[in-house]
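Here are the chains, one letter per residue:
Protein chains: 2
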Amino acid sequence: VSTYPVWGWGGPADEPSRADLEALAPLVAETTGVPVQDPLTPAPLPEIPPSARLGTLPPSLRELASEDPADRARHGLGRSYRDLVRALRADLAHVPDLVLRPRDEQDVTAVLDWASSTGTPVIPFGGGTSVVGGVEPVGLDRAVSLDLSRLAGLVEVDGASRAVRLRAGTLGPAAEEALKPYGLTLRFYPQSFERSSVGGWVATRAAGHFSTRLTHVDDLVESVRAVTPTGLWESRRLPGSGAGPSPDRLLLGSEGTLGVITETWLRAQPRPQHRWSATLAAPDFATGADAVRQLVQAGLAPATCRLVDAAESALTGTLPTGEAALVLGFESLLLPLGAETDAALALCRDAGLRVVEAGDRGAAGESWRSTFIRAPYLREQLVLLGVLVETFETAVTWDRLEGLVTQVRAAVTDALVRVCGGGRVTCRLTHVYPDGAAPYFTVLAPSRRGSEVAQWDEVKAAASEALLAAGGTITHHHAVGRDHWPWYDRQRPEPFARLLAAGTAAVDPVGILNPGVLLPRA
Amino acid sequence: VSTYPVWGWGGPADEPSRADLEALAPLVAETTGVPVQDPLTPAPLPEIPPSARLGTLPPSLRELASEDPADRARHGLGRSYRDLVRALRADLAHVPDLVLRPRDEQDVTAVLDWASSTGTPVIPFGGGTSVVGGVEPVGLDRAVSLDLSRLAGLVEVDGASRAVRLRAGTLGPAAEEALKPYGLTLRFYPQSFERSSVGGWVATRAAGHFSTRLTHVDDLVESVRAVTPTGLWESRRLPGSGAGPSPDRLLLGSEGTLGVITETWLRAQPRPQHRWSATLAAPDFATGADAVRQLVQAGLAPATCRLVDAAESALTGTLPTGEAALVLGFESLLLPLGAETDAALALCRDAGLRVVEAGDRGAAGESWRSTFIRAPYLREQLVLLGVLVETFETAVTWDRLEGLVTQVRAAVTDALVRVCGGGRVTCRLTHVYPDGAAPYFTVLAPSRRGSEVAQWDEVKAAASEALLAAGGTITHHHAVGRDHWPWYDRQRPEPFARLLAAGTAAVDPVGILNPGVLLPRA
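Protein chains in written order, with the working numbering: chain A, 6 to 527; chain B, 6 to 527.
These aren't lab readings, by the way, just hints derived from the structure by calculation.
Hints are supplied without guarantee of correctness; some may be wrong.
As the list makes no split between identical chains, a pair holds if one copy fits it or if it spans any two.
Derived lysine to any residue pairs resembling SDA-like cross-links, with alpha carbons at most 25 Å apart [said to hold, decoys possible]:
| id | residue 1 | residue 2 |
| --- | --- | --- |
| 1 | Lys185 | Gln299 |
| 2 | Lys185 | His214 |
| 3 | Lys185 | Trp373 |
| 4 | Lys185 | Asp224 |
| 5 | Lys185 | Ala303 |
| 6 | Lys185 | Asp404 |
| 7 | Lys185 | Gln302 |
| 8 | Lys185 | Asp295 |
| 9 | Lys185 | Pro31 |
| 10 | Lys185 | Asp462 |
| 11 | Lys185 | Gly364 |
| 12 | Lys185 | Glu161 |
| 13 | Lys185 | Arg242 |
| 14 | Lys185 | Pro325 |
Source: prediction; values computed, not measured.
So here's chain A without its partners, still in its complex pose (with noise of 0.2 Å):
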């Protein structure tokens, strides 16, 4: 029986052969310069009995139960390199008792309150694809997770305000599918689109692939109503309020520990009428870094601005000169865009850029982004073949930006000789802001097989103290988690923890929400 459905990102036919493996195997080596392995077979599913732990369910909940054992371990996992490799490895430590999939907030509530009254933790499952240890009960004696899967679609259409009512538990997919017919689109892509949920952008405060302006869910949400265990949560309708802190802004990166997110209210839009992209190339990355800055000081918003570092460039065919890579894209509703796209070009080359390319999109904007959301496939067959791949993020101001890039490269290269006999850092900049950027890092190196967890995890630790040092956040959208939680304990304000703390205490007294994320550990 395949396993692809617990460690894997697609569906069934989706699961790479092993012919698939042979083939990409000499590229990988030829590419990356990482020596590949002989392909890992996936071990079988450990047994995993039903639990006993729970104790007895009332019926009601009984009928939305999974204690499919495949189905438990798929949602004790998400999707991060050590989730895969000990998914692959069946290393199934943290398996949930139960998965419950509720049909309407009225399950929801009847789990909660169930939850509640035995004391039995909690995990929403939205997607399943944290990076971060979202959903993972660990150090849990019990818990279970809670499928939002079946609540899903549109529900409602407001066409004059442009917004629309979303199900939590809708796909990207499913959500874009729904708005085709009214002419919208949510216009918001993160990497995990196929398979993440509308409730889980919200809770995990993701970001799409655009690098400016609407990029953030937070700036999406209109309003959210999301079940506690001590009633509904939901705030108005509002294109925006002065009336105390914002609720939304709260249940933003919440990550489930507030409430079940169950609907929220999106603002939508048409599909824009004119695009336009480019590649340029940049000496260096700091030259490359510079012209970025320029461009969104001077009030251009390129809906693409990704600045790829010259090794990142050459590998992924961005630009193969050895120089870093600068893909520009702008897009406007109405406007044609010339008089932007012609000083965003002048601006550049000032700067000291050099145009490779440029002109009318068509469709290489979607050519782009179906690569970007296919790599999940390619990273699977990776880590089959020996290759420790993974990445990580964050964001900091201009002034900083040089400094951190450099520290952050150097500590994990260092990391990863020490750990791994070598392997490479590439970065490039996702996401930019008139005050600052998002460094993305994307780490490729020889796995050690069987030490892949240990490995990774003496590597992320490098890189996220270095990233603390200089200046930038534990995480600019991949969330905190379990796995971010020692460096977010650092970064946030104490007296914010402390009022999280006890105000998170007041919403769910008995503490079922996925504890373990966020908050003090008791």
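Position chain B relative to chain A; hints supplied.
Frame of chain A; chain B shown alone:
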């Protein structure tokens, strides 16, 4: 002795003379139709003896303290109509026992330590321009006003990131003056600009006069530093972050209940290079609103986009034709505006609007802003002439805008007839969003001397009920304070209120920070 410092908007030279008022009187009657009365003579300041309610102050705090009666009287009131009227009548029911002016953060800590140990309520006071009872010690057996005016000035400029570190007590003009040598501006102009403070903007989630994009202080804030009774709350300077719920977004709108904001890093900008403005005429408000909706939904982002109803247009001289006026302004850092403004005009024409005038802006923008910022001086003269004059504002999604404006107009008109025997309510849109707009209402009515507060309270209650019932927010940018509390209490999600109350108690265990705003009342 003049009581102008207690009730007036400006400095000693700004006090209106009897001759000013006599000159204004016939104009008021003519333009507003509201009958004027003999100018009110401000009542002398009553005797305000030193308070014995605080016990002995520690010597270190004594040098920060003022017992001056006028100083204390000024600090017990904001600048709403009801504040103005009460101050003019020397109806000072709530006067703080002491005004404390810390020189630095250590002083703030010392004040909070003393206040916590003695259970003394502390009301942070920035510029004292609250129009919602934010600084008034209502229902407290004693209180000190913590005046932050000495914690002022520019501390640091990060030119690369275009971010500036300002002390909380810095007033608008001082902030702009300090940034000028760096070629930067905050571009943040609330109507209170002259008299309000940076820390006050953050604490109250203030908004500037620009209609789109960077107009809420929320979006300017890069990080905040606040002293709480249980330690320093300081967030990292970050251009963006996905690490947990945003700590800054909790301080934004906290209105002094979570800590005393001492500093903030704000995003600054250079001055725009290109400006353009136009006045258009709409046959009615609904047609104008529809044009505005189409503009912002087409991705155009006019810096100014004020739709003023026919009555207010006539009254203010914006457009004396009996039509609604749309005042449009575009600004740009780098790109010429032609394409954008042509498209805006074409779209407005197609939507049924008529272009009255359009062209390069020159000094028109500054001149408009200057009138806008001088409005409080006009208002206090109207009040002296016996006119009830006040404003309130909200925000609502486009689908509900027309209904809200109609219902609020009806409710307020009805209340004015009942309470004042007549009067007028006019409306403009001040801020616009792709998913909605912020209507701003102005009320002018004859007041009954001695009953002004009761009159306004009744009208305001009718307005607030109508706002909530029609789907609006109780405030778009005037904050909650004590005056909006009953409606805020119904607007906010119940679990959020519980979270805020419990979380605040964890940060401020004795409950000394601005008791009576935001939180459930004990």
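Hints and how they fare:
Proximity of Lys185 and Gln299 under a CA criterion of 25 Å is satisfied inter-copy only: 20 Å between copies versus 36 Å inside one chain copy. In the homo-oligomer, the alpha carbons of Lys185 and His214 lie at most 25 Å apart inside one protomer (20 Å), although the nearest pairing across protomers, at 36 Å, exceeds that limit. Within a single copy, Lys185 and Trp373 get their C-alpha atoms as close as 21 Å, which meets the 25 Å cut-off; across copies the closest is 43 Å, which misses it. Taking the shortest alpha-carbon separations for Lys185 and Asp224, only the intra-copy value of 21 Å comes in at or below 25 Å, while the best inter-copy value is 31 Å.
Taking the shortest alpha-carbon separations for Lys185 and Ala303, only the inter-copy value of 18 Å comes in at or below 25 Å, while the best intra-copy value is 34 Å. Taking the shortest alpha-carbon separations for Lys185 and Asp404, only the inter-copy value of 20 Å comes in at or below 25 Å, while the best intra-copy value is 42 Å. Taking CA atoms no more than 25 Å apart as the test, Lys185 paired with Gln302 passes between copies only; the shortest distance there is 17 Å, against 34 Å inside one copy. For a Cα distance limit of 25 Å, the shortest separation of Lys185 from Asp295 across copies, 24 Å, qualifies, whereas the shortest one inside one copy, 39 Å, does not.
Taking CA atoms no more than 25 Å apart as the test, Lys185 paired with Pro31 passes in neither setting, with 41 Å inside one copy and 60 Å between copies. In this assembly of identical chains, the alpha carbons of Lys185 and Asp462 never lie at most 25 Å apart, being 42 Å within a copy and 48 Å across copies at closest. With identical chains, the CA atoms of Lys185 and Gly364 are never at most 25 Å apart, being 27 Å at best within one copy and 39 Å at best between copies. For the identical chains of this complex, Lys185 and Glu161 are intra-copy neighbours only, at 13 Å inside a copy versus 49 Å across copies, given an alpha-carbon limit of 25 Å.
In this assembly of identical chains, the alpha carbons of Lys185 and Arg242 lie at most 25 Å apart only when taken from the same copy (22 Å versus 39 Å across copies). Taking CA atoms no more than 25 Å apart as the test, Lys185 paired with Pro325 passes in neither setting, with 38 Å inside one copy and 45 Å between copies.
Hint check: violations occur at hints 9, 10, 11 and 14; the rest are consistent with the structure.
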